[in-house]
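Chemist: Sequence:
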Amino acid sequence: MIDLGTVPKDGKVKYLIQIRTRTTHESKSGRITRVGIQCNCCSNVFTVAAFETRAGSKLHCPFQNIRLETGIPLLQCLLDAWNKQQQSKCKGFHFVDFGGEDPNDDSCGICGDGGDLICYDSCPSTFHQSCLDIEVNTRCRMSLLHSYGI
Numbered sequence: 000m001i002d003l004g005t006v007p008k009d010g011k012v013k014y015l016i017q018i019r020t021r022t023t024h025e026s027k028s029g030r031i032t033r034v035g036i037q038c039n040c041c042s043n044v045f046t047v048a049a050f051e052t053r054a055g056s057k058l059h060c061p062f063q064n065i066r067l068e069t070g071i072p073l074l075q076c077l078l079d080a081w082n083k084q085q086q087s088k089c090k091g092f093h094f095v096d097f098g099g100e101d102p103n104d105d106s107c108g109i110c111g112d113g114g115d116l117i118c119y120d121s122c123p124s125t126f127h128q129s130c131l132d133i134e135v136n137t138r139c140r141m142s143l144l145h146s147y148g149i
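Letter 73 of the sequence shown, counting from 1, is numbered 72 in numbering that gives the first Met the number 0, and no numbers are missing.
Don't read these hints as lab results, they were simulated from the structure.
No residue lacks a Cβ here, since even glycine has one placed at the ideal position from N, Cα and C.
Do not rely on the hints blindly, as some may be mistaken.
Said to hold, decoys possible - Capping the alpha-carbon separation at 20 Å, the derived lysine to any residue pairs in SDA-like fashion look like this:
(1) Lys13 <-> Lys83
(2) Lys11 <-> Ile71
(3) Lys8 <-> Ala49
(4) Lys11 <-> Asn39
(5) Lys13 <-> His59
(6) Lys8 <-> His59
(7) Lys13 <-> Leu74
(8) Lys8 <-> Asp112
(9) Lys11 <-> Leu77
(10) Lys83 <-> Lys57
(11) Lys13 <-> Thr46
(12) Lys57 <-> Trp81
(13) Lys11 <-> Glu68
(14) Lys8 <-> Lys57
(15) Lys11 <-> Val44
(16) Lys11 <-> Gln63
(17) Lys11 <-> Asn43
(18) Lys57 <-> Thr46
(19) Lys83 <-> Asp112
(20) Lys13 <-> Gly70
What the hints assert, rightly or not - Computed Cβ-Cβ distance ranges for the label pairs, DEER-style:
(21) Ser121 <-> Gly35: 28 to 36 Å
(22) Gln84 <-> Gln63: 16 to 24 Å
(23) Cys130 <-> Pro102: 17 to 25 Å
(24) Arg30 <-> Ser129: 27 to 35 Å
(25) Gln84 <-> Ser121: 34 to 42 Å
Model the full assembly from the supplied sequences, consistent with the hints where possible.
Modeler: Structure (structure tokens):
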């Protein structure tokens, strides 16, 4: 969620317990880290579920009750992160401009995405190293591509 920008690294969070009178009170607070939530009272890092237990709750709904300082529950942050991840997978086709001086494609011939591409002088196709699942060796690039039928 940090990498997708739905929660800030070192962002403040608090576990809210709703009482029968419909009022809420803060039980524990902490900061978001890449490995969990660092509790403000003891500085230990807990998973989301363990932070709920640390707060003294037995509701088993940590994503609903742990909230950012803006009041947004972690559940909403998680849903936003899933949506962003799904949107990044659905980029569609990229336009390839053949009119420029560069004869090579602007997108990977396997996944269709741009980025750091391997280009060759004798072929306009380009590929991501990870899409070819190869280790780049400058002396045998062409033989590796040839083994993939490219």
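Chemist: Hint by hint, work out which the structure violates, then give me just those numbers in ascending order.
Modeler: 1, 6, 8, 10, 12, 14 and 21
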